[in-house]
Amino acid sequence: MILRLALGLFAALALALFVQPQAARAAYPCPGGPGPGEVQVGVSGGSHGVAAVPICDRAQGGGGGGGSEVYYRYGSIAWHPDADDVWMEGSYDGPNTAERTALAACNQAMGGGCTSIGEWHNSSMRIFRDRSGALWSGWHGDGGVHSKKTLADCSAKQLLPCEVLGTYSSSKNRHLPKPTARKLYAVGAWVEGTEGFDSRLYIASGQRDAATAERLALDACTKATRQRCAILAFVGNGVIQTYRLGTGDQSATVESNAKRAAQAAQANCKKRGQACTLQRVYDSRTPGEFVHDFMAPAAK
47 MILRLALGLF AALALALFVQ PQAARAAYPC PGGPGPGEVQ VGVSGGSHGV AAVPICDRAQ
107 GGGGGGGSEV YYRYGSIAWH PDADDVWMEG SYDGPNTAER TALAACNQAM GGGCTSIGEW
167 HNSSMRIFRD RSGALWSGWH GDGGVHSKKT LADCSAKQLL PCEVLGTYSS SKNRHLPKPT
227 ARKLYAVGAW VEGTEGFDSR LYIASGQRDA ATAERLALDA CTKATRQRCA ILAFVGNGVI
287 QTYRLGTGDQ SATVESNAKR AAQAAQANCK KRGQACTLQR VYDSRTPGEF VHDFMAPAAK
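Number 110 in this note's numbering belongs to position 64 of the sequence shown; there are no gaps in the numbering.
Worth double-checking, as some hints may not be accurate.
Distance condition first, Cα-Cα at most 27 Å in a straight line; then the derived DSSO-like pairs of lysine-lysine [to be verified]:
no. : residue 1 : residue 2
1   : K194      : K305
2   : K195      : K269
3   : K224      : K317
4   : K305      : K224
5   : K218      : K317
6   : K194      : K269
7   : K269      : K305
8   : K195      : K218
9   : K203      : K305
10  : K218      : K203
11  : K305      : K317
12  : K317      : K195
Label pairs and their computed distance ranges (CB to CB) [what the hints assert, rightly or not]:
no. : residue 1 : residue 2 : range
13  : T293      : T143      : 34 to 40 Å
14  : A276      : A198      : 52 to 58 Å
15  : N153      : G292      : 45 to 51 Å
16  : G242      : N303      : 29 to 35 Å
17  : P225      : Q320      : 38 to 44 Å
18  : Q320      : P141      : 52 to 58 Å
19  : G242      : A342      : 45 to 51 Å
20  : V337      : N219      : 44 to 50 Å
21  : L324      : G189      : 36 to 42 Å
No lab work stands behind these hints, which were simulated from the structure alone. Idealized CB from N, CA, C, for every residue including glycine.
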């Protein structure tokens, strides 16, 4: 009986960051937004489908010192679950405009469905990408304490650390994604459990809609095996790396590119103390439906 190692698809869940101020001037979470005498300087802990927590500071503390006048530069980022980049607007001298402009640019490019991560000033925002293609945001002010926490949360359930997509200063004028930022999805499904398992992974790739890729992969698996099937691998604008371990166990992992996917597979093999045989890599941007046979000699 073949034991299979399903790394699984971990949904991108960003945890709200609640930390007490470490110094008198430290920024702090303000879940309800800025109150009297406060100004929002950033947001922390957000990902697609999970609201970010605003970060506030006292209105006189934005970036100046002494009794001198403080000049604010506001920035904002909008994103879409089907894009692997962000729309950023910045260098505004007042609130709201950056957020409104970034959101409008995103919705125009994606045809709607964009959300804003909020607004920040006189500091930077860092964006991360996890292995499946989901984006995470972390405010990079206060010495990066919030962005480091976001990176740790993002990386906790995958074999390699999440990637830094970009760091955006509120004084930066604009960042717009390339057309290739729109995701194309790949999903791999196989028989759930050991009964009727055929050592194959059924892959639907090059789909603009994640739900369509899931349906095609599951339907192909069910039709071929007459068994209940489950999703093993899911990625947008990335790759599926298939491989076997020394004991004959079979698995697949996803990452943003082939190099990282190979490293992730090898890291899992090393963690289990087994040899690793890398097999075919399937790019989500290559359209088609594929059947990967883990036991075939040509699967390498």
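Structure-based check of all given hints:
1. K194 / K305: Answer holds: K194 to K305 is near 24 Å, not above 27 Å.
2. K195 / K269: 44 Å, violated
3. K224 / K317: 37 Å, violated
4. K305 / K224: It holds: about 22 Å lies between the C-alpha atoms, which stays within 27 Å.
5. K218 / K317: 42 Å, violated
6. K194 / K269: Violated. K194 to K269 sits at ~45 Å, over the 27 Å cutoff.
7. K269 / K305: 33 Å, violated
8. K195 / K218: 24 Å, holds
9. K203 / K305: 19 Å, holds
10. K218 / K203: 32 Å, violated
11. K305 / K317: Holds. K305 to K317 sits at ~18 Å (cutoff 27 Å).
12. K317 / K195: 24 Å, holds
13. T293 / T143: 34 to 40 Å: 59 Å, violated
14. A276 / A198: 52 to 58 Å: Since the Cβ atoms of A276 and A198 sit about 29 Å apart, the hinted range of 52 to 58 Å is violated.
15. N153 / G292: 45 to 51 Å: Between N153 and G292, where Cβ atoms are some 50 Å apart, the hint holds.
16. G242 / N303: 29 to 35 Å: The hint (29 to 35 Å, Cβ to Cβ) holds, given that G242 and N303 are roughly 34 Å apart.
17. P225 / Q320: 38 to 44 Å: Since P225 and Q320 have Cβ atoms about 42 Å apart, the given range 38 to 44 Å holds.
18. Q320 / P141: 52 to 58 Å: 55 Å, holds
19. G242 / A342: 45 to 51 Å: 19 Å, violated
20. V337 / N219: 44 to 50 Å: 48 Å, holds
21. L324 / G189: 36 to 42 Å: The hinted range 36 to 42 Å holds for L324 and G189, with Cβ atoms some 40 Å apart.
The structure fails hints 2, 3, 5, 6, 7, 10, 13, 14, 19 (numbered hints given earlier, in ascending order).
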